[in-house]
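Student: Starting from the known structure of chain A, fit chain B onto it as the hints suggest.
Protein sequence lines, in the order shown, are assigned to chains A and B.
Be aware that the first sequence starts at 2, since it is given in this note's numbering, and climbs by one per residue.
Be aware that the second sequence starts at 26, since it is given in this note's numbering, and climbs by one per residue.
To be clear, the hints were calculated from the coordinates, so they are not data collected in a lab.
Don't take each hint at face value.
[Stated by the list, open to error] In silico contact screen, one side only, chain A against chain B (beta carbon under 8 Å); selected entries:
{"id": "1", "residue": "N3"}
{"id": "2", "residue": "I9"}
{"id": "3", "residue": "F10"}
{"id": "4", "residue": "V11"}
{"id": "5", "residue": "T13"}
{"id": "6", "residue": "V16"}
{"id": "7", "residue": "P21"}
{"id": "8", "residue": "Y52"}
{"id": "9", "residue": "W64"}
{"id": "10", "residue": "L75"}
{"id": "11", "residue": "K78"}
{"id": "12", "residue": "I81"}
{"id": "13", "residue": "S85"}
{"id": "14", "residue": "R162"}
{"id": "15", "residue": "Y163"}
Note that CB positions come from ideal geometry on N, CA and C, so glycine has one too.
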Amino acid sequence: MNTIYKKIFVTTFFVLLSLPMTYCLGIKDNTVIAGAEVLTDLPSLQKTSFYNRNFQPLFESWWNSHFGFRGFMLKTKNQIYDWSNLSRIHSGSFGVVVEGVDEYLFTNVYFGSFYKNCSFIPKEIYRLKELQNLLKKYGIDVFVILAPNKAVTYPDLIPYRYKYFLGTDCGYYQTLYKTLQSNGIKTFDAQQLISNIRKNGQYQPFSVTGTHWNYYSAGMTFLEAAKKFNWGNIEIEKIDKQVTPFFTERDIADLLNLWYTYYPKQMFYKPIFKKTKASLSGNTTIIGNSFSNEFLHMFIESGLTNGEIYHFENQPLNDKDIDKILNSRRIIFVYTDIALINQEDQFYKKIDVLLNKLKHQE
Amino acid sequence: MVFSSALFLALFLPITMGLYFLSQEKLRNYILLFASLFFYAWGEPKAVLVMLGLIAISYYVGILLDKTNNIRSRKIFLTTGIVLNLAALFFYKYWMFFLDNTNFVLESLNFAPITIPSIALPIGISFYVFQIISYLIDVYKKEVPSQKSLSTLATYVSLFPQLIAGPIVRYKTIEEDLHNRKINFNNIFIGLRRFVIGLGKKVLVADQIAVIADTVFNTPVAQIPCLFAWVGILAYTLQIFFDFSAYSDMAIGLGRVFNFRFLENFNYPYYAKSIKDFWRRWHISLSSWFKDYLYIPLGGNRKGKLRTYLNLYIIFALCGWWHGATWGFIVWGIYHGTWLVLERGIWGRFLDKIKNIYLLRAHIGNFILNIYTWLIVMVGWVFFRAESLVYAKKFIKIMFFGNKNVTINSFYPATNFLTFSNLFIVIIAIILSYPIFNGKYEKFRYSNSETILLTVLFFVSYVFAMTSTFSPFIYFRF
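Bound-form chain A, shown alone (with noise of 0.2 Å):
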């Protein structure tokens, strides 16, 4: 054997090896990795802290976060995946990425729509009904807008392996619907609405490489909901056409971390209103999942109220939020039925939150 090869082989070895240590000499791989971390700082290191085993876990975490070019490793890591093109499953601390039929990219927690056993409720949702009374008392009405989910608009694009172990009907959200209306919430079926708009309509609801609604879609619903719900009448002046995305729209793709732009080419789509006057008084409270962030945009960007809008996502609500809430004229609640099927989910902890404070009230 020649002993060059042996020698090329030593070499990339202890190369490699010492690649990541040059981070500690100030060396910066510049390679810009997308999706949020948690970092960890360098421990300080203390006898007990190490004795106690405190300061190893802490010091590994940092390191693994740190070390010199992670970012070149994990984009090569991901091309390797690409490259391979047998299935590109990226995990990430929300679920998983998964590339379905087209190049359409899921987040595979959506794909929770079509499992068998639909009938399951959370006894919780029907808690709504209650609070919706009690806020009455104050003058506050209540909505609901059902958000889309990519994988019920899309059904024909999940991926093979993934609709041979699902049911055909996205039953939690028909069964929720149901159940909404039943009790007699306000509700939007933004769903139905949406899933028109991809068979019907000129553009397409969703992006191919976002988890969440675009803002055409956001914006129509928003548009008919105003309708339904006569909060005034709004039009679109025209639709803003762009590659570069809006939002969220290529959020998953960025998440794949590959050397090339994943689907580069894409349009986005965002609805612009004609300046309406205000007609809705007082303020508006918006509750939700991440999907409320593109309707909240819309929301204010249809220049229809000129009083105060509040958000809240995922963050427990405090007293401050409370009397914010309080002093609205109506609260619209945005989530996706997987959202609204997860008891875990903050929406049940904010109403338990209202309705013991209403209750603590009376």
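Tutor: Quick look at chain B alone, frame taken from chain A:
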């Protein structure tokens, strides 16, 4: 600190190797000792004292054994050394097991249970205690002289490549290497080559297949369809081999880099044609330890059939128990012992006949025997992997009698692993479980092509290992 972690690969290993290769020859054992103690203390800062205590005791017992020729005294010294080491092993590893079982009996008799604070199990104690015992017995048998330097004995016991997951290296195997080692480029190359093979097996095969096994075994047993029970146990069968043999490869490779020669620990166990053959190929350092230090002293197969069978049961029950202090491991050991006993009787003669069936060619007979071995070993792994004996029993029932309550397409967790890449890796793993590089492919070993391939393999497995902890939040913009 596991070998495939970023901390080990990119901090501990380069620093240790750098210090080792740049230091004077006389300092190298001290550097290895210090690095090994640090390696162990990183995960077990308190337990390092237990290990050092056992090393010190065994060092003095070794010296005493060397000093006297009085057989009675030597027996007393040896017994003392073994008992103290086993006492430590028993206390840290098995005390809670005994207590749990005692409490189970007490509670069933309506007595109050005994409560004591739980005892943390020091990693690797089973390995280093067995190494120390082998040292004491070999010194007692005068196969090797006792080690006169405490630090050298400590280096042998604590040597980080094999400290926490073996192979169980006997003192006599590396006695010469402990005293006389030179830096040798060829050995560095051979060692790194082996290390890279191990890293690739661990990161690219075992860790990927683990997703399949974990998904199946983390599902409530009542929800697992028959097909996926088989898929799960096949995956675990491959995972445990590639994981464990990868660790041994890395240990043997690192040993060779520092110019130690450890004996092989695996020899294509899934190529075996009987359970007896399997145990000649699986975890060789452990099975040979039990054979040399327990089975043969118990009489081996020299005292009649019944005694041989009893000895086999004892050895394999203890072998199972050595792996972990649960009934599952004990049942796994007894299960293997039972097959070994059967293979020594009529069943063994039947297997011989299969090999030589008149109408079949030899390789077809061998194929049938190999499938038989896979089957027996796979069923055995259920006891090894299952969280409880009840789970294992139900799992095996599903494997052989199906699960009427569920259909294949109701097993949604399968979406976690049903990908072409996983199918590809499973097929590759099965192929690599056989000695395909022997015979006509032998030329490939150490060839230029293999070295190029290994350089690429190292790059790929290294970036996979280094980035395995990256797990960002998807909603990063909020």
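Student: None of the hints should be skipped; say for each whether it holds.
Tutor: Cross-check of the supplied hints:
Hint status for N3(A): holds, given a least beta-carbon distance of 6 Å to chain B, under 8 Å. Taken as an interface hint, I9(A) checks out: its beta carbon lies about 7 Å from the nearest beta carbon of chain B, inside 8 Å. At its closest, the beta carbon of F10(A) sits 5 Å from a beta carbon of chain B; the interface hint therefore holds under the 8 Å criterion. Hint status for V11(A) relative to chain B: holds, with the closest Cβ pair at about 6 Å, below 8 Å.
At a threshold of 8 Å, the smallest CB-CB gap from T13(A) to chain B is about 5 Å, leaving the interface hint in force. Hint on V16(A) is violated. Least Cβ distance to chain B is approximately 10 Å, over the 8 Å limit. Evaluation of the P21(A) hint against chain B yields a held restraint, the C-beta minimum of about 4 Å falling below 8 Å. Proximity of Y52(A) to chain B holds as hinted, the smallest CB-CB distance being about 5 Å (cut-off 8 Å).
A least Cβ separation of about 6 Å between W64(A) and chain B falls short of the 8 Å threshold, and the interface hint therefore holds. At a threshold of 8 Å, the smallest CB-CB gap from L75(A) to chain B is about 5 Å, leaving the interface hint in force. The criterion of a C-beta within 8 Å of any C-beta in chain B is met by K78(A), whose closest approach is roughly 5 Å, and the hint holds. For the restraint placing I81(A) at the interface with chain B, the shortest Cβ-Cβ distance is roughly 6 Å, inside the 8 Å limit, so the hint holds.
Checking S85(A) against chain B: minimum C-beta separation of about 6 Å stays under 8 Å; hint holds. For R162(A), the suggested interface contact is upheld, since its CB lies about 5 Å from the closest CB of chain B, less than 8 Å. About 5 Å separates the beta-carbon of Y163(A) from the nearest beta-carbon of chain B, less than 8 Å, and the hint is met.
Of the numbered hints stated above, the single one contradicted by the structure is hint 6.
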